[in-house]
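With the hints as a guide, dock the two chains, each given alone in a separate frame, to form the complex.
Protein chains in written order, with this note's numbering: chain G, 1 to 308; chain E, 1 to 381.
I should point out that these hints are in silico values taken from the structure, not numbers from a laboratory.
Each hint should be verified, as a subset may be incorrect.
As the list claims (entries may be wrong) - Heads up, simulated DSS-like pairs for lysine-lysine below, C-alpha to C-alpha not over 25 angstroms straight-line: (1) K32/E <-> K85/G; (2) K136/G <-> K32/E; (3) K302/G <-> K80/E.
Bear in mind that the values here come from a model prediction, so they are computed numbers and not experimental data.
So you can see what is in the structure, the chains are spelled out below.
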Amino acid sequence: MSIQRRDFLKAALGGSLAAAASARPGLAASQGRDLPPEALGILYDSNLCIGCQACMTACKQANDMPVEFSGQQTTWDNPLDLSAKTLNIIKMYDGGDTPAFVKRQCLHCLEPGCVSACPVSALEKDPKTGIVTYDKKACIGCRYCQVACPYNVPKFEWDNPFPQIRKCELCNHLLAEERYAACCEACPTGASLFGPVKELRQEAERRLNMEPGQYHEFPVNHISTGKTQTHKAEAYVPKIYGADELGGTQVMLLSGVDFNKLGLPEVRDKSYVSDLEGLSSKLYSYMLLPAAVFGGLLYVAKRHGDHE
Amino acid sequence: MSEARPLGGRVFTIPFAFGVLVILIALFYLFKRFTLGLGPVTGMNDGYPWGLWIAYDVNVGTAFACGGYAMAILIYVFNKGEFSPLLKPAILTSMFGYILGGVSVFIDIGRYWQMHNVFLPWHANIHSALLEVALCIAAYCLILLIEFSPVVLQHFHIKDLQKKLNRVLFIFVALGILLPTMHQSSLGSLMILAGSKLSPLWWTNLLPLLFLIAALLLGYAVVIFETSLSGIAYQNFEEIRLIKKLSNLVPWILIVFLILRFFSVALQGALGAMFAGDLAGNIFLLENILLIAALVFFFQAKNRDKHSRLIWAAFCLILGAGLYRFNAYITGYDPGNGWHYFPTFGEAMVTLGIVAIEVLGYLWIVKRFPVLALPRKKGAE
Ligand code: SF4
Ligand code: SF4
Numbered sequence: 001m002s003i004q005r006r007d008f009l010k011a012a013l014g015g016s017l018a019a020a021a022s023a024r025p026g027l028a029a030s031q032g033r034d035l036p037p038e039a040l041g042i043l044y045d046s047n048l049c050i051g052c053q054a055c056m057t058a059c060k061q062a063n064d065m066p067v068e069f070s071g072q073q074t075t076w077d078n079p080l081d082l083s084a085k086t087l088n089i090i091k092m093y094d095g096g097d098t099p100a101f102v103k104r105q106c107l108h109c110l111e112p113g114c115v116s117a118c119p120v121s122a123l124e125k126d127p128k129t130g131i132v133t134y135d136k137k138a139c140i141g142c143r144y145c146q147v148a149c150p151y152n153v154p155k156f157e158w159d160n161p162f163p164q165i166r167k168c169e170l171c172n173h174l175l176a177e178e179r180y181a182a183c184c185e186a187c188p189t190g191a192s193l194f195g196p197v198k199e200l201r202q203e204a205e206r207r208l209n210m211e212p213g214q215y216h217e218f219p220v221n222h223i224s225t226g227k228t229q230t231h232k233a234e235a236y237v238p239k240i241y242g243a244d245e246l247g248g249t250q251v252m253l254l255s256g257v258d259f260n261k262l263g264l265p266e267v268r269d270k271s272y273v274s275d276l277e278g279l280s281s282k283l284y285s286y287m288l289l290p291a292a293v294f295g296g297l298l299y300v301a302k303r304h305g306d307h308e
Numbered sequence: 001m002s003e004a005r006p007l008g009g010r011v012f013t014i015p016f017a018f019g020v021l022v023i024l025i026a027l028f029y030l031f032k033r034f035t036l037g038l039g040p041v042t043g044m045n046d047g048y049p050w051g052l053w054i055a056y057d058v059n060v061g062t063a064f065a066c067g068g069y070a071m072a073i074l075i076y077v078f079n080k081g082e083f084s085p086l087l088k089p090a091i092l093t094s095m096f097g098y099i100l101g102g103v104s105v106f107i108d109i110g111r112y113w114q115m116h117n118v119f120l121p122w123h124a125n126i127h128s129a130l131l132e133v134a135l136c137i138a139a140y141c142l143i144l145l146i147e148f149s150p151v152v153l154q155h156f157h158i159k160d161l162q163k164k165l166n167r168v169l170f171i172f173v174a175l176g177i178l179l180p181t182m183h184q185s186s187l188g189s190l191m192i193l194a195g196s197k198l199s200p201l202w203w204t205n206l207l208p209l210l211f212l213i214a215a216l217l218l219g220y221a222v223v224i225f226e227t228s229l230s231g232i233a234y235q236n237f238e239e240i241r242l243i244k245k246l247s248n249l250v251p252w253i254l255i256v257f258l259i260l261r262f263f264s265v266a267l268q269g270a271l272g273a274m275f276a277g278d279l280a281g282n283i284f285l286l287e288n289i290l291l292i293a294a295l296v297f298f299f300q301a302k303n304r305d306k307h308s309r310l311i312w313a314a315f316c317l318i319l320g321a322g323l324y325r326f327n328a329y330i331t332g333y334d335p336g337n338g339w340h341y342f343p344t345f346g347e348a349m350v351t352l353g354i355v356a357i358e359v360l361g362y363l364w365i366v367k368r369f370p371v372l373a374l375p376r377k378k379g380a381e
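Pulled out of the complex, with its shape left as it was, chain E reads as follows (with noise of 0.2 angstroms):
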C-alpha cells in the first residue's frame, strides 16, 4: 500500500544552488529586458514577431503541464479512479507549467502595463483566438490552484475548509477539464491566421485538433517520464505498475495524432515537401521519426515488459510532440523576404530560469508537502 506523504530530506542540495544560479543570471537578461525592450535582448524581429518565449515557454510548456489535464481525463471521464495516485503530482506540475506560462506572457508582450485590458470586456475581441487563450490559461490557472490546495490545506491541518472544499471540488475537476481543451486546441486556432506564412507541413484547418492531442500526448508523456524516474529513484513499485497501465493507453492516441498529421498534409497536397530537404522538410522528418520511434518503443514495452524502454517511449514522444507543436510556431514559419530568427543567449537563458523555477518549486514542494504516492513506512499504520 502507498500513501501521499512528504517526501523528506534536504532541499538546498547542489544541483539546487545551479538552479538558482541559472535563476539570477535570467533575472539580469529581464532587467535588460525591461530596460532596453525587446531587441536589444532577443532575436525576434518583425519577420517572427515571435520566438522561444512564446514558441517554447507557453506553447510547449502549457503543452508539457497537461499531466494533470490528461489524468483527470482518464480518472473522471473513463472513471479509472486507480490512477489517482498520479494526479496530485501531476497537477503539481501543471501549476507550476501554466503560472510560469503566464509570467512568460507578461516578459514577452510590450506593453504589459496594459495586460489587463485582456479582462476589460469594453476591449474583448471576440473573434481573438488569443483572447481565448489569454482567458482561459488565466483562468486555469486559478483551477490548478484551487485543485492542489487541498495537499496544502492537509500540511497545515486545516481540516474545516478541507471539508467545505471537498464538497464543490467537482466542479473545479471539471473546469480543469473543459478549460484545457477550449484552450490547448485554440493555440492551434492561433496559427491558421499565419496562412501561407505557414508550411503546408503544418498549416491545416486540422491545427486546433492536433494541438489538442499533442497536449494530451504531451500530458501523459511527461506524466510516465517523471514517474518512471521518481519511481525508480525512491523503489517506488506502485507507481511503476500504474504507468504500466497507463503506457497501454498511449500508443493509441499517438497512432490516431499521426495519421491525422499526415492525412493533413496530404490534404494539402504537400507531402513532398517533406522531401525538399530544406530546413522545414528536414526538421518535419524529424519531428515524424521521434514520434515512430516513441511508438515502437511503447509497443516494445509492452511485449518485453522492460521498464527502460517505456522511459525512452516517453522520452521520444516529449521530443517528438513538443518539436510539433514548436515547429507550427517557428520552424515552419517563414515569412519571406530573407528574414530569419535564434533565440539569443540571454533570451535561452530566461527560459532557462523558468525551467529551472519549474524544477527547484517540484522539489522543494514533493519534500515538504503530502504529494508523491510513497510506499507506507515500515511500523506505521
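Isolated chain G (complex conformation) (with noise of 0.2 angstroms):
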C-alpha cells in the first residue's frame, strides 16, 4: 500500500503513526477482491424465504433496538424500511403471480464505501473476519458514511439531539459467546444462512446449478453446523448478488426475481473506493508532488514577497 498524503497530515499532527497506519485494519480496496482469511456473511435464499419476518423480531432483542411504528397505530412493529430503529428488514414484491421477499441490511462490503469515508475510523472492516462495525465514542456524526454507501445502509437518529449511526454488524458481539447473527440463528427454512463466505459462495453456486422442481438439502441457520432440511428447488435468476458488485460483498442473495425490482441497484464491478484511492496515490505518491509543490511555493512567496 502506497504511503498516502495523510500520512503526512498524521505525521504532522505530532506522532510518528507509521505502525499505527499499518497496524489499523484497513480497506481490502489494494487487495482486489481477496476475502479477509476468515469472512463471515450471510447468504440470504429469496427462493427459500416464507416471509415470517422471525429474523427481524430476533434482530431487534439482540440488537436492543426499538420497535418501530408505521402509519397511526402503536402497537406493532411495522417499519417500512432500514432505518435507526431497524437494522434488517424482510420486505414483499408483488409482481404478479408469486410475490418474493428480499432481506435488506449491512451488506458487509469488501471494498465498503463507508469505510473508506468516516474520517475519524468508527467505521472499519475487521481484518479477520470482515464484519464492517461502528464505534460511536469514534463517530462525529458527519454522514460521508451514507453518502458513500451504495445501497443507502447506515442510517442515522434525526429526531435525536444526541444522536448516532445504525446498522448491521453481523452481530459481531454475539460471536464471543460462540453465537453468530441473530437473523440467522432464528431463520427457520435455511434462507438466511450464516457462514464463512467461502462455503457460502460454493453452495450458492451449488444452487444456482440445481434442476428446478428437484428436491434437495438445504442447510439451515449456519453452515458449518450440518443441520439440513429438505426443499423442492425453484428457478433462480442465474447470478449470486454480491458476488462481483463493486468488488464484492459479504452478505450474498440469491433470488428467482430480478435484483433490481427487489431494490437492490444494478453496480458495475469496480468499487468507487478504488477509483479514489488509485487517484490520490497517483496525485499524492510518497507526499512528494505536494512537498515539492509546497518547496516551489516557499521560494516564490520569499521572491515574490516583497509587494505589500
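Have a look at this one:
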C-alpha cells in the first residue's frame, strides 16, 4: 500500500504513526477482491424465504433495538424500510403471480465505501472476519458514510439531539458467546444462512446449478453445523448478488426475481473506493508532489513577497 | 495613488439592523437544532444526509471564499505584484468565508461534542478525503488569520510584532496556496464515493480537478464582483483598472473548465442525459448556460470596454460555478428509493444568518480597519 498524503498529515499532527497506520485494519481495496482470512457472511435465498419476519424480531432483541411504528397504530413493530431503529428488514415484492421476499441489511462490502469515507475510523472492517463495525465513541456524525454507501445502509438518528449512526454489524457482539447473527439463528427455513463466505459462495453456486422442481438438501441456520432441510428447488436468476458488485460483498443474495425489482441497485464491478484511492495515490504518491509544490511555493513567496 | 485605510462612516445602519434580525432568527432555529436534533429543523433525511449546510455553506461557501487564494496565486506564483491592493480585502472575505464554513460544519455534524476526534491521530483514517478536507480547512483558517493580522497590527500600531511577522509571512503565504489547492480539490474527491448515486452529468474521476478550477473561478469572480461594486460606490478608479486587467485572464480559465467539463461528461457517455428533460438534465443546462453567458460577457466587456458587462460576467460566473458545485452535492445526487430533499425554512434561515454575519463583519472591518485600497485623501501626503 502506498503511503498516502494523509500519512503526512498524521505525522504533522505530532505522532509517528506509521506503525499505527499499518496496524490499522485497512481497506481491502488495494488487495482487490481477496476475502479476509476468516470472512463471515450471510447467504439469503429469496426462494426459501416465507416472509415470517422471525429474523426481524430476533435482530431487534439481539441488538436492543426499539420497535418502529408506521402509520397511526402504536402496537405493532411494522417498519417500512431500514432505519435507525431497524437494522434488518424483510420486504415483500408483489410482481403479479407469486410474491417474492427480499432481506435488506448491511452487505459488509469487501471494499466498503463507508469505511473509506469515515474520517475518524468509526467504521472499520475487521481484518479477520471482514465484519464492518461501528464505534459511536469515535463518530462525529458527519454522515459521509451515508453518502458513500452504495446501498444506502447506514442510518442516522434524525430525531435525537445526541444521535448515532445505526447499521447491521453482523451481530459481531455475539461471536464471543459462540453465537452468530441472530437473524440466521432464528430463520426456520435456511433462507438466511450464516457461515464463512467461501463456503457460502460454493453453496450459492450449487443452488444455481440445481434443476428446478427437484428436491434437495438445504443447510439451515449455520452452514457449518450440518443441519439441513429438504426443499423443492425453484428457478433462480442466474446470478449471485454480491459476488461481483462493487468488488463483492460478504452478505450475498439469491433470488427468482430480478434483483433490480427487489430494490437492489445494478452496480458495476469496480468499486468507487478503488477509483478514489487510485487517484489519491497517483496525485500524492509518497507526498512527493505536495512537498515539491510546497518547496516551490516557499521559494516564489519569498522572492515575490515584497509587494506589500 | 491609493493607500489602504479605513473607510470610516457609521457601522450601525438600517441594513445592518436588518442583518442582525436575520441572525437572531437563525439563532432561534439553531437552538431548536441543538435541543431537538437535526430532523425537526432540516429537510435532510437518510436518503439525502447532506443538505444546504454542507452543500452550500461549506462546499460552495468556502469556494466563494477562495478570493484570497486565487489572488495569492496571481501575485506570488505569477509575480503580478500590481494586483496586491486587491489582496487584503480578498483575504478578509476568505477569512469570514472559511471560519463560518467551519462553524457550519459544527452545526451540521450530529456528534459535534466529539468533533475533536478529527484531530486525534489514533482516530485518523488516512483514506478519508473528508479527513483531509477537515484538517486542511482548519489549518487554512489559522493561516488566514495570520495573513490578515498585519492589518490589525497596523491598526493598533504594534510595529514590533509586525516586523517579526513580515519576515516569516512568506511561509504562511506558501501554506495559504498549498492548503486550498489540496482541500478544494478534495471537496470534489468526496463525491467520487457517491458513485452511481451521483448523475453521470457530474460524476467523473475528474471531480477533484474540476472542483479546484471552479474554486479558482469563483475566487476571481467574487473579487471582480466585490471590487467592481465597491470601486463604483467609492469612485475608486485604481481598483477598477486592476479589475479590468484581472478580467482578461478569467475567461481563459473558464474555457479550460468548460472543455474539461464536457469532455468528462462525454467520457461517461452521458452527453445525451442533459436533454433528458428531468431535474438533473435541466439544471445541468442552466449551470452551463450561465457559464457560457459569463464567457460572452467577459469578451464583450473586453471589446467594448464596458464595466457593467464585467459585473454581469462575474455575476453569471458566480451563479454558474456555484451551481456546479452545489449540483454535484445535491441536485445531481439521487439515492433512489423515492427519497427527496428540499431545505426547510429554518435550515435556510441558518444559512442566511451565516451569510449575514459575513456581510456585517466585512462592513464593520473595512469601515474601521485599513483594508480597502482607497484614493489618497486630498491634502494628505
Ligand atoms: S453495505 Fe454500505 S454500510 Fe454496509 S459495508 Fe457496504 S458500504 Fe458499508
Ligand atoms: S457519521 Fe460517523 S460513522 Fe459515518 S462517516 Fe461520519 S464519523 Fe464516520
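Each hint, compared with the structure:
1. K32/E <-> K85/G: Holds, because 23 angstroms separates the two Cα atoms, which is no more than 25 angstroms.
2. K136/G <-> K32/E: 23 angstroms, holds
3. K302/G <-> K80/E: Status holds; Cα separation ~14 angstroms.
Consistency note: the structure conflicts with none of the earlier hints.
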